[in-house]
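Participant: Given next are the chains, with one letter for each unit.
2 protein chains.
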Amino acid sequence: MGTSTATKANYQPALEKLLTRFGDQASTAESVRDHHGHGEGWFPTNPPDLVVFAKSTEDVADAVRICAEHKVPVIPYGTGTSLEGHLNALEGGVSIDLSQMDEVLSVNAEDLDCRVQAGVTREQLNEHLRATGLFFPIDPGANASLGGMTATRASGTNAVRYGTMRENVLGLTVVTADGRIVKTGGRARKSAAGYDLTRIFVGSEGTLGIITEVQLRLYGIPEAISSAVCQYPDLESAVNTVILTIQSGIPIARIELLDDIQMGACITYSELEGYEAKPTLFCEFHGTEASVQEQAEQVKAISDEFGGSAFAWTSKTEDRNKLWKARHDAYFAAKTLAPTKKGMATDACVPISNLAECILETQKDVQESGLIAPIVGHVGDGNFHLVLLFDPDDAEEMKRAKGLVERLNHRAIAYGGTCTGEHGIGIGKMPYLTAEHGEAISLMRALKKAFDPDNIMNPGKMISV
Amino acid sequence: MGTSTATKANYQPALEKLLTRFGDQASTAESVRDHHGHGEGWFPTNPPDLVVFAKSTEDVADAVRICAEHKVPVIPYGTGTSLEGHLNALEGGVSIDLSQMDEVLSVNAEDLDCRVQAGVTREQLNEHLRATGLFFPIDPGANASLGGMTATRASGTNAVRYGTMRENVLGLTVVTADGRIVKTGGRARKSAAGYDLTRIFVGSEGTLGIITEVQLRLYGIPEAISSAVCQYPDLESAVNTVILTIQSGIPIARIELLDDIQMGACITYSELEGYEAKPTLFCEFHGTEASVQEQAEQVKAISDEFGGSAFAWTSKTEDRNKLWKARHDAYFAAKTLAPTKKGMATDACVPISNLAECILETQKDVQESGLIAPIVGHVGDGNFHLVLLFDPDDAEEMKRAKGLVERLNHRAIAYGGTCTGEHGIGIGKMPYLTAEHGEAISLMRALKKAFDPDNIMNPGKMISV
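Sequence lines, in order, name chains Y and E. Once you know that position 7 of the first sequence is 33 in my numbering, the rest is easy, because the numbers rise by one and skip nothing. Once you know that position 300 of the second sequence is 326 in my numbering, the rest is easy, because the numbers rise by one and skip nothing.
Careful, some of the hints might be misleading.
Treat identical chains as interchangeable: a pair holds within one or across any two.
Taking lysine-lysine and the DSSO-like style, the derived pairs with C-alpha atoms no more than 30 Å apart in a straight line are [as the list claims (entries may be wrong)]:
no., residue 1, residue 2
1, LYS209, LYS97
2, LYS475, LYS97
3, LYS475, LYS209
4, LYS390, LYS326
5, LYS475, LYS361
6, LYS43, LYS361
7, LYS428, LYS209
8, LYS361, LYS34
9, LYS368, LYS326
If you are wondering where the hints come from, they were derived from the structure by calculation, not from laboratory data. For clarity, every value in this text was computed on a predicted model and none was experimentally measured.
Please put together the full structure from these sequences, using the hints given.
Facilitator: Quick look at the structure:
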């Protein structure tokens, strides 16, 4: 992973040009570089040589053009919340921080769409939309930037109903690897006009170009929203409730699983009252008053079949917010189970019919590993997470944690699933990408080479070239 | 468009190898070649030199490998229903007919998905699914093959609720331009694992590879389905009903517009009773009994505001089928307005807020052109069609028809829309692709070159290389 001093010396002319072009919008300060050399994952920091704080698409294009001229690596940076090492500057180079590109450019309430600069966060967008009666549903937990969410094909708790970034990005502005500014997609709801460039960049993790603007679908805030919590005697019953709910076609907006360990941690961390440390589902229903009622009754009937506790209901905004804040804080709650350790958050996703087997085998594997690793997930999509707690200075424990992650990924793939439902490949999942996609990797490599022939865009991530 | 005799002579070794390899699965008969040299559009026939009837992915791979070796053009063929000249063998070469690859490979009712060979048609799939309580909603009117529908990113009447092929294809088997067999995507509902190769091939019109298998999302047949017909004093009122329905977030399953001329033609052609030749909406609602009722009442209230006639209701399957058959036969009905002429079917799609302006300006343009060209469309998506009737032997009339199409496309693009919502680019829309996408065309060209360096896959279509 190290970069030779000789290579780094080659970067010098580019760094000087960037400092001249960007002045106090560029920094080589160690603290700034360190901050930009990692995400929220467990990977050790690899700082870039320089950070550029872009304020416009033209800034990004200028920075990339200078880097391209000197073949210097470029790593786009949003809010730093990625989990699989996407932000690490493995070969040094330049981090382009887009967080100051935080303008909502337009909201077309009539067309249920908007255009934002890449640094706008999802919470900022929803705050901006407050008066319009619209919202943007994709919610990966972290208050990530919409550019970063696009680049990692993010999803989260609402995806079971509203889809992921794949379904909700209508178009993009992208700076290509040679520093050109390109617009993809458009504002029409559908189009059969040419290759789907938008979807090529959604999930490309900064390896094909830098996303600077995003056109997004919006939705009307539902007339009625209602949440429910239900607890189960065992994990299998909770998962089976989810499977039957999805198979019945109930348009549930959120259905989240927490295993007993995770629920115990959340009760303490988020001061949830009236619950036990048991396998638990957090549900949410969106619709008209009548349809929310209907959906909730349908799910309750299924839940009863599997021995679920009485639904703890709420349609009060305050209570709902507390519940979902607790869900979003699950990672931090999990970490309190072993405060001196680090958390390794990993995710996998399988077809819903294999979800019970995959989760139960994973739970058994966790128990046999002797590690603390609660299970939590967006189970309506077949997507779930492990948060493995490990001591980075304990090589044996780290090896056990990595082994558990490795087995989880191969298990998900064997069950017809994917090694990542939403976190992306980064550096953490590279070994599993080939296992999952086989020969198709050659096409991914051809695409990478076509769009980034000098391999300067976030090099060393996703696929090796 | 002509191919020199010298080039054609170079094809000979490949054609001989193909005849040896495929025996009576290959044909050079003139009638067979002519049949494979056009779709349902108005473009004159360009026959291929040979047609291969593939029975397996391996057949396709073998045929492509032989063609690749000798740089002979390859054109995939499904049911021949494409409208923009996708199937014309502009430079001769080999048409690979996939219609005999018509096996439904698996249905996973529990996961709401299935896998089909590319030659399975949408009606065949729905017939196959009949006993399962599931259906595949994408319905472009023609009984097209699912491979062809994937390749053109088809949509149709149900797309307003269920999305297009873009949203409903989970994965593919593809034969690459060098004859390798590659699987893309998977069965998980979502994945953040690598570039979205599936969506690269959806809508690629045979120019990047040949789709031989498709993994599709399925849906439960709704508990209740109800259709309604409503007629309006003018086109604007009909379109405004659509706009407000969509903007209100009503999850309508189908909402189709027919202008007065089209409705008049359909009344005669399909023997519809009790209607007038006025601007008309055909609507369909899917859901539980309660939600269908609720949706219909909401739309009726909007329709009343715009002077719509009393809803003509039906939830009888037989009546509904008659209605939708009439809608699907709109093209044939339109052609009866001038039986000696040819039909030029074109489509465009705009953001819903611009739909009224775009349709009304188009109607005015049609009136001023002196042509017969009814308007019909999947207006819930902002997508509509013109069927222009013209005499191919009347150069002046043909020029007027082409002028109308050209202005429609530029108008749609100027309104923030696309030159094709669902028919694809083929050869008919190539001039507008650049107008719509600008600099992004360079990325499309880079992709084409990366996946098909010798330009043998459906050459001369979509983008010029």
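Participant: Compare the structure with each hint and give your call.
Facilitator: Hint-by-hint comparison with the structure:
| no. | hint | in the structure |
| --- | --- | --- |
| 1 | LYS209 x LYS97 | within (24 Å within a copy, 33 Å between copies) |
| 2 | LYS475 x LYS97 | both (14 Å within a copy, 23 Å between copies) |
| 3 | LYS475 x LYS209 | both (20 Å within a copy, 20 Å between copies) |
| 4 | LYS390 x LYS326 | within (28 Å within a copy, 55 Å between copies) |
| 5 | LYS475 x LYS361 | neither (40 Å within a copy, 49 Å between copies) |
| 6 | LYS43 x LYS361 | neither (43 Å within a copy, 65 Å between copies) |
| 7 | LYS428 x LYS209 | between (40 Å within a copy, 28 Å between copies) |
| 8 | LYS361 x LYS34 | neither (37 Å within a copy, 69 Å between copies) |
| 9 | LYS368 x LYS326 | neither (38 Å within a copy, 58 Å between copies) |
Hint compliance for this structure: hints 5, 6, 8, 9 are not met, and every other hint is.
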